[in-house]
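Novice: Single-letter residue listing:
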Amino acid sequence: MARVRTGVRAVTAVLAAVLAASLAGCSSTGGKRAEEARAAQTAGGKAAVNTPRWTFAMVTHSGDGDTFWDIVQNGARQAADKDNIKFVYGHDKEAQRQSQLVQSYIDQKVDGLIVTLAKPDAMKDVVARAEKAGIPVITVNSGAEASKAYGALTHVGQDETVAGEAVGEELNERGRKKALCVLHEQGNVGHEQRCDGARKTFKGEMQKLYVEGTNMPDVQSTIEAKLQSDRGIDSVVTLGAPFAPTAVKAKEQAGSDAEIDTFDLNAKVADGLKDGSLGFAVDQQPYLQGYQAVDLLWLYKYNADVLGGGKPVFTGPQVITKKDAAALQEYTKRGTR
Amino acid sequence: MSTAETPVKDSGPRDGKGSDERLVHRSPARRLMSRPELGAVVGAAAVFLFFSFAADTFLQASSLSTVLYASSTIGIMAVPVALLMIGGEFDLSAGVMVVSSALVSSMFSYQMTANVWVGVGVSLLVTLAIGVFNGFLLTRTKLPSFIITLGTFFMLTGLNLGFTKLISGTVSTKSIADMEGFDSARALFASHLNIGGVDIQVTILWWIGLVALATWVLLRTRVGNWIFAVGGGSDAARAVGVPVTKTKIGLYMGVALAAWISGQHLLFSYDAIQSGDGVGNEFLYIIAAAVGGCLMTGGYGSAIGAAVGAFIFGMASKGIVYAQWNPDWYKFFLGAMLLLATLLNAWVRKRAEATK
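Top line first, the protein sequences correspond to chains X and U. One point on numbering: in full-length UniProt numbering, the residue at position 219 of the first sequence is 219, and numbering is uninterrupted. One point on numbering: in full-length UniProt numbering, the residue at position 104 of the second sequence is 104, and numbering is uninterrupted.
These are computed hints drawn from the structure, not numbers from a lab. Note that the Cβ used here is the ideal one computed from N, Cα and C, for glycine as well. Treat the hints with care, as some may be off.
Unchecked claim - Within a straight-line C-alpha distance of at most 25 Å, the following computed SDA-like cross-link-like pairs (lysine to any residue) qualify:
1. Lys331(U) to Glu205(X)
2. Lys165(U) to Arg77(X)
3. Lys124(X) to Asp111(X)
4. Lys178(X) to Tyr330(U)
5. Lys165(U) to Asp92(X)
6. Lys86(X) to Lys165(U)
7. Lys249(X) to Ser191(U)
8. Lys208(X) to Asn326(U)
9. Lys323(X) to Asp234(X)
10. Lys93(X) to Asp328(U)
As the list claims (entries may be wrong) - Footprint (simulated), chain X over chain U, 3 or more residues, beta carbon under 8 Å:
11. 101–115
12. 261–272
Unchecked claim - Residues on chain X that point at chain U, a partial pick, calculated with CB under 8 Å:
13. Cys26
14. Thr29
15. Arg33
16. Thr67
17. Tyr210
18. Asn215
19. Met216
20. Asp218
21. Ala225
22. Lys268
Could you put together the complete structure from these sequences and hints?
Specialist: Printed below as a string of structure tokens:
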């Protein structure tokens, strides 16, 4: 025991020494200070209306720590601030637990619900129960087909097949012959739709490659292996922004000339588009999905307005290339694009 | 197990010819046959030969370097995990700990606007502290390591997300690629060397180094004997004077050290870290060690075996891509391949033991 205590004391001493050293060992480049210097802050926090403070809940099928859903939330929160809304958020990638979350918000008698229908069948009952309880529902992101049938007011999102088709067309325009579609979640319906959509419009050959999305070195070495085994591949399409820079590394390691393109956007993708290491990105504007959903619920509560006329409201696809990248860099850095 | 009998045998007579089995001279071939990694080596050779025929591009130098890279990222962690398994314990927090380690480096450097080496140092201390936490709790509470490290696994998963979101405002860290010290740290943890026209990732060197170090510790030092002893039976080991508590805490710190190395590789290779990553990787490390001949019950195994296990996994997972098989069946192929390699491994070992 005494020995353990001495060990603890030693560790504390070393930790203190390192902390002290850190104050001396500052970086004159990058870091938080640089970010503060950029001081690109969004205006926010103040309500623009004096409607009652309603509570809206959003429940998505996002896994833990997903950058995409972070941007959706940022959009929803800013709309909530403006509309004097209390915004609550829950997520679970298991459909059953997602529906339980929705139920718990129905029990809390929230004033509006925003849900994703990634696995529509599992959500059908609970959406019907919300309707029965008089809570208006807006669906976002996935589930455009099921949304109306389940009684939701509107669907805000991107049709994954349409987005895939846009990629296929863009690849044709760039004269690509053989493309690789990198799926980072096996069994995700939306991912399959994206690749299938791209395959539909792409005139060349398109292959699928599954990678382990939570294990970046695996993503890299698998893409590397694929590019080494098939030298004819001249473009790689990743389905999520974080995987695009990894694909660039894999391509360099494999000595391939393939162009790397991606779905979705983040700061590193914007940088990559600007410096030419990435060809194009297809953005579905997640910020808009969160923002519009909250705003449309508010409009419905305030003015009984419904947008879309029974059809989904599309937030994408928007094809972003080098010429748009510079303008978007700032917005990706603050997490709204 | 065997350790319990050792002291008894020690006191036995040594004058009679062959009275002590350990003094009997055995031919090098026989000695080779009794090594725990023998089965895994045969399994690895089988997988290697299989893909050499199944995939045209598998034997290219560049392809082998990719396979080695994939193996090394698992292998670095499989080494201490194997030692821990020999010592009779598990660590389910190992996969997430790698990401925690990377997050600490990245966020400390960024938030303090410090030289990234400072973050790397702080991360080493924090990661080692997690290892001490696991080991200390285990030895104090006497609860199964499965429960203790499962708790740590969930806590770390939550901390990774919670802290990252709290500090960075998003779920992934900000890029630190433009900060001082980044280039030298990248050179150490995530560079690649060009040897004879072939790209060799630096993780492969880390991996070889760790395997060599662990093998030396296991076979040539007193600590190595302690590890085998506590895995064989901790009460018996304690009875003959082995510092069980210290050994177990040390083993968890070994896992933490390797998690730190892997975490820094992750950080300096991709320069921004996703806080949700790493979940599930702990099983890959345990699989590599088990395929490599470490017993799930402890007391038996080797570091080289774990390395061969990681290599089998690397070959199988990338070989499937080189062979261009239908990706829908990828996981099935991977599982079948691992099962076959392990069965072959067990069969060879049984044969080897029978001829002893």
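Novice: For every hint, state whether the structure bears it out.
Specialist: Going down the list of hints, with the structure as the test:
no., hint, in the structure
1, Lys331(U) to Glu205(X), "holds, 24 Å"
2, Lys165(U) to Arg77(X), "holds, 15 Å"
3, Lys124(X) to Asp111(X), "holds, 19 Å"
4, Lys178(X) to Tyr330(U), "holds, 21 Å"
5, Lys165(U) to Asp92(X), "holds, 17 Å"
6, Lys86(X) to Lys165(U), "holds, 20 Å"
7, Lys249(X) to Ser191(U), "holds, 12 Å"
8, Lys208(X) to Asn326(U), "holds, 9 Å"
9, Lys323(X) to Asp234(X), "holds, 22 Å"
10, Lys93(X) to Asp328(U), "holds, 21 Å"
11, 101–115, "holds (count 8)"
12, 261–272, "holds (count 5)"
13, Cys26, "holds, 6 Å"
14, Thr29, "holds, 5 Å"
15, Arg33, "holds, 4 Å"
16, Thr67, "holds, 5 Å"
17, Tyr210, "holds, 5 Å"
18, Asn215, "holds, 6 Å"
19, Met216, "holds, 6 Å"
20, Asp218, "holds, 7 Å"
21, Ala225, "holds, 4 Å"
22, Lys268, "holds, 6 Å"
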